[in-house]
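There are 2 protein chains.
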Amino acid sequence: MAKSHISGFPELLPEEKLVENGLMDSIRRVYESYGYSPIETSAVESLDVLLSKGSDDKEIYVLQRHTPKGEAPSPADMGLHFDLTIPLARYVSQNKNELSFPFKRHQIQKCWRGERPQEGRFREFYQADVDVICTDNLPLHYDAEVLEVGIRAMHSVAPGKFEVVVNNRKVVDGICTAFGLNTEQKASFSGAIDKLHKIGEEKCKEVLLQANIPQDCIELVFAAHREKRPLTDAKDILDSFGSNEALEVGKSELLAIAGHLPADLAAYAKFDPCTVRGLNYYTGTIFEGALHSHPHLSVCAGGRYDNLSELVGKQKMPGVGMSIGISRLYALLKQADAIKTGPATTSKVLISAFSEIQRHRCHEIANSLREKDVPCEEYFNFDNKIGKQIQYATRKGIRFVLFLGENGNLELKNLETHDQKQVSLDDLHSSIS
Amino acid sequence: MAKSHISGFPELLPEEKLVENGLMDSIRRVYESYGYSPIETSAVESLDVLLSKGSDDKEIYVLQRHTPKGEAPSPADMGLHFDLTIPLARYVSQNKNELSFPFKRHQIQKCWRGERPQEGRFREFYQADVDVICTDNLPLHYDAEVLEVGIRAMHSVAPGKFEVVVNNRKVVDGICTAFGLNTEQKASFSGAIDKLHKIGEEKCKEVLLQANIPQDCIELVFAAHREKRPLTDAKDILDSFGSNEALEVGKSELLAIAGHLPADLAAYAKFDPCTVRGLNYYTGTIFEGALHSHPHLSVCAGGRYDNLSELVGKQKMPGVGMSIGISRLYALLKQADAIKTGPATTSKVLISAFSEIQRHRCHEIANSLREKDVPCEEYFNFDNKIGKQIQYATRKGIRFVLFLGENGNLELKNLETHDQKQVSLDDLHSSIS
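Chain order of the listed sequences is A and B.
Going by the numbering used here, the first residue of the first sequence is number 347, and it counts up by one from there.
Going by the numbering used here, the first residue of the second sequence is number 347, and it counts up by one from there.
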């Protein structure tokens, strides 16, 4: 990684940035293949909007115009967005007459949070979100689609390296009802099991017993969490919890979603009744994915919300969405040695020259390659000998060096095989592809 | 455009964002075809860095973590970058052992300025920069290349719709010397002619005469500005100004650059001795481009700087670069009716369904299209009749609607021609491309 200039604000070297761009392009392609259209909201929102539901005050960066000493400060009524969900709700409510519903959008942008930097946790980071929002009824099929899109996108950049646990808020409610928990106990139960994968069974059990959660309830959810069985097994597992309306609805929603996952993606989806996700705007389906190498750090997450847009508009608009944390995903894949950086440039060929006289001819060759969609670069420090020019190409990972031979012929050197051969301008293109 | 939520922070509708993304992709492709590698610096810099050379204090947005009433405010020592040049200098100086020189990079990112919004002037906007920086000598050929890359990139998105005026700081110095101007007069002269295209000849002349600039000097530069002849004519024009060292060096640099521009781009480059560019870090070549529709608003600009990196490091590193103002370019092209928005989605086909029973088959068809790189979307509000589903597709600009016929056959309707025909799954792909 490039040297970090301010803690929590990561930067990449060109060879790393090319890999990160590749991740983003793959994810974007998957999102768009399902018809999610790109939008981008401004990085800046009014503080009113940011301080609504789901935010932690202290994580927000407030903006103020710089004022020289002695001058009155400008008003601090704007801040940087900390996610892409609140801005989406604001955008949809503002532009609802111009948009078509169900509104399917993706949004790949930076977010900022003023929290303490830790492993995989940055103050400035990229997220890639997909959401679908409707003005009236939003069928459960969209929950299935969003889960599929998310898994497909993750599969495109980290095949075989992750899993996504799926749950439903109604299942959590149903379990609470089945064991007769009161409102206070429900809150303790949800809060504690959501942290289970971080704090471990012993500590979690302590908290649960303190809240008088029945022992058999604890055993059942712990067992399901430990086993983390395929999503398609959710019914079998939940049947042992008893039956009530919330539980039955939750179960049937989970099974419907599981049933629609294409065969090549099904193995990624697991069931875990202990996944709750803290955000208080989720109302149904919830999911959270992590890499096998870093099971405690979620790299993608999402769910169904029925009331989000009420925050900023008057109309109730149901939605379901998910988000991939690109900066974290890149950092963790890098750490797990699961991605390799390649060249520090897109150039395929370095066109060497050793005198002003060669410059014109070399420039024509370069531009004829560019016309054929072969990125290349010219070397203009003519005083540098061939050795130094090759060193430059090698260091940047450029595979071929082209130079003019004594009779004006073209000499092409492959820096990987060390082969060198004469080529014609017509053959050049095919020689390097 | 989407409804603006805060003045100066523009947002786009999906159909507009797709066009803006297209502009950015074209520009990126041109930059990378010349071997400029992508980097991205964090949006946030320390205030020390931002408050160095070339900045207007009041345009900087300072960041502070939100603090609830009563708590002590967090330190305000960071701000958002207002351009990509200062961050580049900081990045290069920090990572110079990891980079290869000459370091060629492009950077397409948002910048923020706390200035008053006006036509084509935003508080949050995209820039697309290319620069090359070296640790020792940086040949003039890079000036020629950067001008070429810039014109090529503009040509890729606004062919025939713009021109780029080129000048050289040494030419300005040489003119001052030729007419015996003292230091104070030089400053007045540069300042006034740089505004000539905005304030007009009469007002500019007033200022120049007040500074005792000789009448014949004024006439000569005004005439050259009025004619704005091809860059290749720079020698003829400047010969009439007399001769001195600075003028001769400036002339020869301009001509060398003009001589390297490929024939298909040469017509875009004009000479104008009145282009100075306010930024005090330029030392040689300078250029500034505008659309014919909006000649007073520059959409791309750049030049040679020899000392920029001294700002943040100890080493002197010469560089040359240019920047395209993407947000402004988009806004002005839109205003001039020079770009048309198309569909609001990348989907090529809407897969209609009218019952849960059809859902599974439709999903398989959709995924087989996606495997063949055909973006498509499924319609899940099965209660809506075909008319309503077609209305949805039409509104979003999706060209084809596919649905299951009575015998399970596939019916493909082209919403542009209103043709409808039976297709097989194998033919589907070719029927819609």
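Since the hints were made in silico from the structure, they are not lab data.
What you are looking at is a predicted structure, and each value in this text was computed from that prediction instead of being measured.
Mixed in with the good hints, there may be bad ones.
One copy or two, it doesn't matter: identical chains are merged, so the pair holds either way.
[Said to hold, decoys possible] Cross-link-like lysine to aspartate or glutamate pairs, in silico, EDC-like; alpha carbons within 16 Å at most: (1) Lys-415 to Glu-405; (2) Lys-442 to Glu-361; (3) Lys-415 to Asp-394; (4) Lys-581 to Asp-562; (5) Lys-759 to Asp-773; (6) Lys-574 to Glu-509.
The hints, checked one at a time:
For a Cα distance limit of 16 Å, the shortest separation of Lys-415 from Glu-405 across copies, 15 Å, qualifies, whereas the shortest one inside one copy, 27 Å, does not. Within a single copy, Lys-442 and Glu-361 get their C-alpha atoms only as close as 41 Å, which misses the 16 Å cut-off; across copies the closest is 14 Å, which meets it. For the identical chains of this complex, Lys-415 and Asp-394 are inter-copy neighbours only, at 15 Å across copies versus 28 Å inside a copy, given an alpha-carbon limit of 16 Å. With identical chains, the CA atoms of Lys-581 and Asp-562 are never at most 16 Å apart, being 19 Å at best within one copy and 92 Å at best between copies.
In the homo-oligomer, the alpha carbons of Lys-759 and Asp-773 lie at most 16 Å apart inside one protomer (14 Å), although the nearest pairing across protomers, at 45 Å, exceeds that limit. Proximity of Lys-574 to Glu-509 under the C-alpha cut-off of 16 Å is restricted to the intra-copy arrangement: shortest distance 10 Å within a copy versus 63 Å between copies.
Hint violations for this structure: number 4 only, all remaining hints satisfied.
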